[in-house]
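> Since chain A is already given, all that's left is putting chain B on it; use the hints.
Quick mapping for you: the protein sequence lines, in order, are chains A and B. Start counting the first sequence at 82; every next residue gets the next number (this note's numbering). Start counting the second sequence at 82; every next residue gets the next number (this note's numbering).
Possibly wrong hints are sitting among the right ones.
Any copy will do: because identical chains look the same in the list, a pair fits if it lies in one copy or spans two.
[Claimed, not checked] Here are the simulated DSBU-like pairs of lysine-lysine, each with C-alpha atoms no more than 30 Å apart in a straight line: (1) 466 with 90; (2) 466 with 246; (3) 93 with 466; (4) 289 with 90; (5) 279 with 532.
Everything labelled a hint here was simulated from the structure, so no lab data went into it.
Number of protein chains: 2
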Amino acid sequence: VALLGASAKAGKIGNVVLRSLARGPFKVFPVNPNESEILGLRCYSSVSAIPGEVDLAIVALPAQETVDAVRECVDKDVAVVIVTSSGFSESGEEGAKLQSELSSVLQGSRTRLLGPNTMGVLVPSSQLDTLFIPEDRSPRPSAGEVTVLSQSGAVAVSFLEKARKFGMGIRACVGLGNKLDISESELLRLFAEDSGTKCIALYLESFKDGGEFIDAARTVTPQKPIVILKSGRTPTGSRAARSHTGAIASSSDSVVDGVLRQSGVVRVYDEEELVDISRALAHLDRVDGYRVCVVASAGGFGVMAADLIESSEHGVGLSMAALSETTIRRLRELVPAYSSVLNPVDLTAEVNDSMYDSVLEVLQRDNGIDIILMSLELQPPRVTKALVEVAIRRSRDASVPIVVCAFGTDTAPDVVEELEANRVPVYPTIRRGVKAVSALCQRGTYLRRMKR
Amino acid sequence: VALLGASAKAGKIGNVVLRSLARGPFKVFPVNPNESEILGLRCYSSVSAIPGEVDLAIVALPAQETVDAVRECVDKDVAVVIVTSSGFSESGEEGAKLQSELSSVLQGSRTRLLGPNTMGVLVPSSQLDTLFIPEDRSPRPSAGEVTVLSQSGAVAVSFLEKARKFGMGIRACVGLGNKLDISESELLRLFAEDSGTKCIALYLESFKDGGEFIDAARTVTPQKPIVILKSGRTPTGSRAARSHTGAIASSSDSVVDGVLRQSGVVRVYDEEELVDISRALAHLDRVDGYRVCVVASAGGFGVMAADLIESSEHGVGLSMAALSETTIRRLRELVPAYSSVLNPVDLTAEVNDSMYDSVLEVLQRDNGIDIILMSLELQPPRVTKALVEVAIRRSRDASVPIVVCAFGTDTAPDVVEELEANRVPVYPTIRRGVKAVSALCQRGTYLRRMKR
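Excised from the complex, chain A in its bound form:
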């Protein structure tokens, strides 16, 4: 791995990236004509001076010096070059000229380029970390199953931050930048083949090639879920996207929306949903219908969940399952006399771990239920942390999947991580749980349609 623009100055991108690379298992070659050694590593005056082959080069130089630097890499036949520098097509005419020069340099070569204007790449499982934001400002998540491709560095970083909060791991995080060469479509196909990736999360401000994207998405989604946050939806958003990443909105958002729907891509609308939904789809890839059952010990959450599930205006417009007579009779024996055994099932503050366990068992046997939203409240007096084990055990019963909304975790922060580690999608609010349920149902419907 070569780093062009390696720097001895703390805080400089060329220093941040060098530190991260040096921690990994790679042979690292800092390139800087003015230094002989940085961080104890021998410095090279140019890429051509590096002995042997170079698989990956990172260019962290001002835009003006970047064209020559990439030319050096092409001459050395470097496989992949990551250009972090900004100041290209996202920044006016001069930048656009530089970017087209960059493009000419690549022509006819085997060298592939990521960026420019990319925040880099993170692959926790292989300790590859070229992100230019240091770890103390943006702690990295552990290795996991979701791959993030992002046209914005900040959205990628916020993804990593939010993922960590849930103890959620990352397979790879790739900053797309201006997509001069390597495109989102190519990466979609690449990660579709990657057995370590269970779900691909995308932040895009534009499509490099709409037709290519549709083709790629249609190929990938029958095997793996894709979740997209496509911004630049509105006139102002679209204009802002242009000056941010040089993105040119190809068509109206309603066209984009229709295409995404047909391609089986799940669309979300903010950076939190992107994390929430890709987490759910990485864990649970199969829901057989739209009939949701809600269980809560807090009646208020049951009511709110029912509203958010049924309402199309302020909600997701799914169906609340009608429980079978057998289910109702069985539930009646399990819950307090005054509680409701219709859907939402209200366990009341009398709830205890084994009551919750038995109730879930009964519900999972009801053929009229496709998915269960479990409001897991840790505050009622007879509930213990063993309720978390109940949720995990019942989730392994694949017959009816469970999405959990967890409350009272302030005094038990490990609860969320334990659920996540056991592939149970868990959310801190009813709305976020309901949205995950909705995405899972949408994915299930798409997969059923594909089978026909």
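Just chain B now, kept in the frame of chain A:
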């Protein structure tokens, strides 16, 4: 303060409440005919045995014993009785009968009753805490300016949990329960007169008396903002509300919606929004229009914010402000050459604290801007925690209010609390910040309309 059903058994409601009361500055009288002393406090066999007047009695007994207990309180001329017991109108015919008996007992007396089926009352500033969920399961927030009235105990507890996370204080938290006597309308009027309350947050599953509510809301909202989460909106939600708190939906949700709008009540749709929006309205009670300006150092967040602000379908449908020529010229001198000085203003990763400060100053002088959404990212290399002081100082300049979305606070958790303590509304996602901006604009419009 008398506690009927005081218990020596840890975990029992009568024990939880006694412990909390004993910590406060009150004279506490446990009532339990079978004990002589609990937690070192002398026990009384009945309310009538308590010497002197009783201002407040809490009844934590099974439903069947509650009617007699309340009768005792009425005979003693207790001012207010809080009945935590459940098993009344929310739980079928028998419960409804008990509730009407309770009602007869009150008739003709001066005693007022909160509940039944209420989780109690919390007033941090006077150390009054009758909540039946112990502090180790639900840590209490500090004293503050938002009063919460909730028909669901769990929603109230989740409010307290979420408030604490932001270092947000609470003026009072009142569980409404079945609203046999004391109603939401009466409490609205009460807290409207309370100088310590800056905003009232309501969770309701039904209105005790629709007409009375409208009257109360219309009286209160010109002075103080009311935020409501009204659930039981859908057929299933409404049926579930009936069995949860005995709530009977009086009219269709679209009627409710129209009435709330006319009465100047801000409506929200989940438990997180209730906290978010009441926090914003407690801090900022005045926005003069709908023209929003977005500033971000992360271009992606700027684009997303613009989308969420402009879009009516997946967003709030406000306007992105058109910056004046003067503003644009001034900004051009402050930000990097390649960044956009249109709205959203993009400070790029080159941002530093003083650049952000100067940019905010320029924007606050632009008459075409009514409110600023500031994306405060702590990850860029030249940003320090002093940027928080910038946000606070610029927020004090009341000319154009600022709502902050803060990113990268994982490594600086005190940032959120510092902003909150200085009355700067702060949110962890763009969407939540945009929704706060929208609620503030809605409130501003209502106040302008009222003045006419």
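> Hint by hint, which ones does this structure get wrong, listed from lowest number up?
The structure breaks only hint 4.
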